[in-house]
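Chemist: Protein chains in written order, with this note's numbering: chain A, 63 to 598; chain B, 2 to 632; chain C, 5 to 103.
Think of the hints as simulated: they come from the structure by calculation, not from any bench.
Don't take every hint at face value.
Only pairs whose alpha carbons sit at most 30 Å apart, straight line, appear in this in silico DSS-like list of lysine-lysine [to be verified]:
{"id": "1", "chain 1": "A", "residue 1": "540", "chain 2": "A", "residue 2": "530"}
{"id": "2", "chain 1": "B", "residue 1": "372", "chain 2": "A", "residue 2": "460"}
{"id": "3", "chain 1": "B", "residue 1": "580", "chain 2": "B", "residue 2": "445"}
{"id": "4", "chain 1": "B", "residue 1": "580", "chain 2": "B", "residue 2": "372"}
{"id": "5", "chain 1": "A", "residue 1": "390", "chain 2": "B", "residue 2": "533"}
{"id": "6", "chain 1": "B", "residue 1": "580", "chain 2": "B", "residue 2": "529"}
{"id": "7", "chain 1": "A", "residue 1": "540", "chain 2": "A", "residue 2": "390"}
{"id": "8", "chain 1": "B", "residue 1": "372", "chain 2": "A", "residue 2": "530"}
{"id": "9", "chain 1": "A", "residue 1": "460", "chain 2": "A", "residue 2": "390"}
{"id": "10", "chain 1": "A", "residue 1": "540", "chain 2": "B", "residue 2": "445"}
{"id": "11", "chain 1": "A", "residue 1": "460", "chain 2": "A", "residue 2": "293"}
{"id": "12", "chain 1": "A", "residue 1": "390", "chain 2": "A", "residue 2": "293"}
{"id": "13", "chain 1": "A", "residue 1": "460", "chain 2": "A", "residue 2": "365"}
{"id": "14", "chain 1": "B", "residue 1": "445", "chain 2": "B", "residue 2": "533"}
{"id": "15", "chain 1": "B", "residue 1": "163", "chain 2": "A", "residue 2": "390"}
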Amino acid sequence: MSYLLSATCAVPAVGAVVTAALPAGTGEARRRTTKAVALAVSVATLGLAAAVAASFEPGGARYQLTESYSWIRSFGIDFALGADGIGTALVLLTAVLVPLVMLAGWHDADPAAAEGSFESKRRTQGFFALILAVEAMVLVSFLATDVFVFYVFFEAMLIPMYFLIGGFGDRAGGPDAARQRSYAAVKFLLYNLLGGLVMLAAVIGLYVVAADQGQATFGLPALTDAISSGKLVIDPTAQRALFLGFFFAFAVKAPMWPLHTWLPNAMGESTAGTAVLITAVVDKVGTFAMLRFCLGLFPDASKTFAPAILVLSLIGIVYGALVAIGQKDIKRLVAYASISHFGFIIMGIFAMTSQGQSGATLYMVNHGISTAAWMLVAGFLISRRGSRLIADYGGVQKVAPVLAGTFLIGGLATLSLPGLAPFVSEFLVLVGTFTRYPVIGVIATFGIVLAALYALMLYQRTMTGPVKESVTGMPDLKARELAVVAPLVALTLLLGVYPQPLTRMVNPAVDDTLSQVHRTDPAPVHPVAANGGEQK
Amino acid sequence: MNSLIPLLVAAPLAGAALLLLGGRALDRFGHWIATALAALSCAFGLVLFFDMLGRDTEHRAVTERLFSWIPVGGFRADVSFQLDQLSIVFVLLITGVGTLIHLYSVGYMAHDERRRRFFAYLNLFLAAMLILVLADNYLLLYVGWEGVGLASYLLIGFWQHKPSAATAAKKAFIVNRVGDMGLSIAIMLMFAEFGSFAFRPVFSAAGDASEGKLTAIALMLLLAACGKSAQVPLQSWLGDAMEGPTPVSALIHAATMVTAGVYLITRSASIFNLAPDAQTAVVVVGAVTLLFGAIVGCAKDDIKKALAGSTMSQIGYMIMAAGLGPIGYAFAIMHLVTHGFFKAGLFLGAGSVMHGMNDEVNMRHYGGLRKYMPWTFATFMAGYLAIIGFPFLSGFFSKDKIIEAALAKGGTEGWILGTCALVGAAVTAFYMTRVVLLTFFGEKRWQPDAEGHRPHPHESPRTMVIPMVVLTFGSLFAGGLFSLGDSFLHFLEPVTGHEEGHAPLSAFAVSAIATVCMAAGVGLAWLKYGRKPVPVQAPRGSLLTRAARRDLLQDDFNHAVLVRPGSALAATLVFFDSKGLDGFVNGLAAAIGGLSGRLRRIQTGYVRTYALSMFGGTLVLVASTLLMRSV
Amino acid sequence: MNPVNYLYLAALLFTIGASGVLIRRNAIVLFMCVELMLNASNLALVTFSRMHGNLDGQILAFFTMVVAAAEVVVGLAIIVSIFRTRHSASVDDSNLMKL
């Protein structure tokens with residue numbers, strides 16, 4: 063048994079405790095130590111995550127590097143970890159983003175930035191410790207192969223997220239920023255708690271049903287094996303109820319229309335870095351869990367509800383994009399764009415084709431990277447002017463061309479320009495959906511026009527035109543900020559041109575998931591003869 | 002030799018990356034790097050061309066597979082290039098004209114502080130356009146397709162500080178995206194139908210699919226072509242795109258990118274040939290745009306917008322020819338190439354005029370410039386004569402072939418199309434003569450610019466003149482060369498196929514009628530603009546003129562039908578989101594809060610209230626127990 | 005004598021006590037009424053014991069007495085301390101727990 067996975071999760075967890083326990087004080091030196099320690103921990107985690115990805119064999123078993131420690135024996139709960147292709151891809155995403163989020167938010171928790179929010183000598187320590195805590199919990203969620211362990215960490219990550227949203231905002235808030243922020247934090251918590259509670263009932267229900275038939279375990283591989291081999295038969299009504307219980311929690315977290323309204327508040331009021339954590343990392347746990355738990359545990363119910371879920375996600379795609387077009391606040395615009403993207407991800411998952419699900423998984427990674435780039439640059443912009451309103455900007459490209467350029471790249475990635483990573487995933491999702499549900503696929507394609515509208519309108523209104531008085535003398539990106547953006551842009555380009563490292567990892571896991579739900583790709587009507595006319 | 006194909010793309014791509022990342026250090030000589038790389042790409046193209054000519058017809062098409070791009074299940078997209086006769090024609094046009102325009106831009110953009118970036122974008126455009134024409138599957142073609150859209154966006158909006166330029170760039174991108182949607186749906190249809198979207202497999206299997214499916218695919222491809230080639234109904238962006246620097250208008254919005262739609266249709270000949278309904282749609286779009294663009298071109302006073310109308314109209318010819326099927330494909334491409342020469346030359350001439358006239362674009366403020374800019378005048382005249390189809394110049398050959406092919410379509414349809422094409426030819430002659438007369442002849446109507454500087458027209462620097470002269474040769478002789486023994490036709494035939502049409506009129510008669518039409522157009526223009534002085538202020542004009550000045554109300558239509566309802570919908574949804582969905586949730590929270598507030602009132606704090614409720618409760622319990630027992 | 009008459013008396017006493025608890029405000033009187041109710045139930049318990057011929061009721065009555073005694077100690081202590089601080093024995097004045 064290797065200890066790689068538990069080490070990957072434990073390093074940020076221990077790091078969080080250490081960071082929180084570092085000597086308090088608001089002096090510059092103390093703060094710098096804190097930040098350096100936290101950053102070092104996150105980089106170490108990245109190293110471990112890279113080791114996980116390197117030792118993962120794409121062609122091997124579904125779950126690799128597995129570990130299991132008995133936890134609550136009488137209920138068959140083990141602290142079991144295992145990496146599959148989908149989880150590994152998302153672990154990598156998380157590990158890459160956290161150091162960048164820390165770098166981007168380097169000064170977000172400095173006392174100078176703390177006007178109107180809670181003052182404490184441990185403020186900096188708290189901020190960075192919370193980020194590491196979120197990272198640790200997210201990593202466990204991506205790697206857990208035990209339903210109960212997943213549930214615990216899925217819920218527990220609400221606590222650090224709550225404090226991150228409620229305690230640390232950007233400086234751009236109005237006079238009632240603190241009130242808005244606490245509203246956003248409470249809304250985030252209530253929504254997700256509600257989802258979590260419903261899921262808890264379903265988790266218990268699943269155990270009861272399974273225990274009735276002699277499968278008293280929370281182990282995911284054991285349960286899915288029992289289900290696909292017919293040893294565990296959940297009757298249709300119970301299966302639907304349990305599916306809905308799980309799905310509700312994930313749909314809140316993802317978030318899927320119409321359960322999305324907490325996201326714009328949470329992303330708008332928190333710092334840009336926290337917003338990235340929310341949309342690029344924490345929300346991915348929701349979509350990831352749909353793919354891993356809903357489909358694997360309740361194959362028949364998944365198929366029953368798939369059309370309804372597809373329609374909801376389709377509404378989400380169009381609705382999110384249209385509302386994004388009407389936004390006046392940069393960060394809320396990005397949030398609504400994300401809602402539109404989550405629609406694509408969920409659509410890809412429930413289209414139940416290999417293109418759709420591989421596309422959805424790639425989408426999770428690519429959306430994480432591209433939205434991080436877009437949002438963090440937006441955060442840099444906002445921190446310069448102290449306003450989130452689009453109308454307060456104009457002509458920035460003249461004074462800060464690099465900032466404007468990277469902002470444009472982020473926008474172009476968001477609108478899925480071919481050659482950038484999100485295109486690959488978006489097209490896969492569309493194709494995967496189209497082959498099974500042509501009408502839904504065609505309507506979803508409208509999303510690409512709407513995405514162009516909101517992304518380019520935002521760029522036009524903030525960056526082009528005559529230089530507004532309020533942005534004159536605005537400094538361009540600094541070295542630290544470039545160090546944040548450059549890797550993201552490079553990854554966006556790399557994964558757009560050569561996504562194979564990811565597809566190789568993800569495809570087998572997706573094929574396994576599809577076989578769990580007994581679905582195969584619809585065959586072409588007039589298949590071209592194998593290699594027909596193709597010249598090699 | 003095949004390994005040169007990726008280098009064709011790599012050279013300008015490297016240039017773009019170098020110039021964008023290189024920073025200020027490259028400001029002084031970056032433009033020469035870009036120009037050199039464009040020329041290098043052109044040289045590669047020439048080498049490949051001669052290499053291709055050295056092989057016999059069957060072995061001319063070659064494929065160079067680089068790597069597997071997106072492999073998921075049955076979905077296999079490769080980065081794989083295919084160089085055949087059709088591609089090489091485009092490669093030479095793109096890199097040739099591209100290099101010339103790089104050279105021209107060295108002079109034209111000499112005083113722009115962001116020149117390095119401009120050249121980076123130009124190189125990026127070349128790379129994307131080459132990917133578009135070299136791809137061996139539709140998904141890679143899509144990459145180039147949107148890549149040129151991006152380059153076009155960046156270059157139209159190059160002067161971003163001008164709100165009009167930024168708006169025009171965004172509009173171009175978004176209208177193009179509507180077309181791109183067509184292309185993605187077409188790819189999805191192909192994948193669902195054939196399990197592939199690479200050219201060879203799809204074309205070889207096209208015969209198996211039902212006509213309905215093929216028509217759907219073809220119509221979606223047509224939608225894509227309409228977007229990129231500014232055909233009705235997605236034409237509205239091209240006029241605004243003239244906000245970009247003039248070399249951009251010449252390269253992207255006249256010679257190369259806007260003709261991508263023609264390439265797409267010609268490339269997909271195997272699909273269109275089996276979908277006659279879609280072909281009819283193509284022909285209709287082409288014919289309508291041909292007249293639409295010509296009418297708009299007649300009314301514009303902005304020299305670039307007049308030329309843009311003309312571009313639209315000329316591409317309408319090409320699209321129409323492509324819609325005619327095997328009798329027209331080769332001629333569409335031939336007209337595309339000759340048009341690339343003379344329209345690029347015309348735009349460069351217009352740029353040269355603007356360069357000498359303090360960036361004035363209103364032709365009513367020109368006049369009599371021929372003495373001040375002899376080279377520009379001479380080259381512009383060559384392009385002018387070529388485009389109106391003056392006998393034995395490039396346009397004459399290529400346009401007459403299209404008119405012939407239209408007539409050869411046969412029946413009423415043939416006559417209608419032929420008439421459209423002939424009317425188009427007359428109107429072309431009219432508006433181009435108008436441009437020439439207003440710009441180079443007549444009296445000086447020069448006006449001081451906004452800062453009060455009077456223009457001092459002068460000939461442009463050598464870097465600008467040389468490309469114009471080179472293009473002049475193309476404008477004059479390309480058509481004739483291509484027609485010598487139908488060499489161009491035979492070269493392309495293995496890719497596009499060819500059928501000899503049976504026109505109801507002889508080739509000579511067609512040429513004669515076309516020439517008469519042209520002469521009529523020129524004469525009419527001379528009567529209106531040559532004989533008497535031209536007013537500096539545009540007269541009110543007839544209803545049609547006023548409509549044409551507003552691009553035949555296309556923007557008003559789009560605004561009323563799409564933009565305004567669209568923004569209203571967005572505003573409604575924003576309201577619904579905050580007051581409806583969120584209002585529901587917040588309302589629920591408020592209701593629970595309110596209910597708790599009510600319930601709390603029961604707790605009065607008086608002991609006897611609690612006692613009473615205890616007694617009451619006991620009473621109820623006892624009573625119900627008794628009741629239960631008695632039942 | 006018919007033991008049922010004792011039950012009537014117990015019911016009467018209990019009712020008087022209960023009404024007192026509900027109506028009166030003086031803590032001492034309230035307290036006495038509570039005692040009255042307790043004793044009424046004691047009377048009933050003893051009567052039941054007599055009627056059924058076993059000792060269960062009497063034992064329960066002892067329990068009640070012990071609890072009542074303990075309650076008196078605590079209750080009176082509370083009342084006295086409240087009276088000392090607030091100079092009132094009215095139960096209506098002690099409603100600080102209400103929000």
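Chemist: Evaluate each hint against the coordinates.
Modeler: Status of the hints after comparison with the structure:
1. A:540 x A:530: Answer holds: residue 540 of chain A to residue 530 of chain A is near 21 Å, not above 30 Å.
2. B:372 x A:460: Cα-Cα ~39 Å, so violated.
3. B:580 x B:445: 62 Å, violated
4. B:580 x B:372: 68 Å, violated
5. A:390 x B:533: Violated, at about 54 Å.
6. B:580 x B:529: 61 Å, violated
7. A:540 x A:390: 27 Å, holds
8. B:372 x A:530: 44 Å, violated
9. A:460 x A:390: Within the cut-off at roughly 22 Å; holds.
10. A:540 x B:445: 53 Å, violated
11. A:460 x A:293: Cα-Cα ~67 Å, so violated.
12. A:390 x A:293: Roughly 55 Å between the alpha carbons, so the hint for residue 390 of chain A and residue 293 of chain A is violated.
13. A:460 x A:365: 53 Å, violated
14. B:445 x B:533: Since the Cα atoms of residue 445 of chain B and residue 533 of chain B sit roughly 13 Å apart, the hinted pair holds (cutoff 30 Å).
15. B:163 x A:390: 22 Å, holds
Hint check: violations occur at hints 2, 3, 4, 5, 6, 8, 10, 11, 12 and 13; the rest are consistent with the structure.
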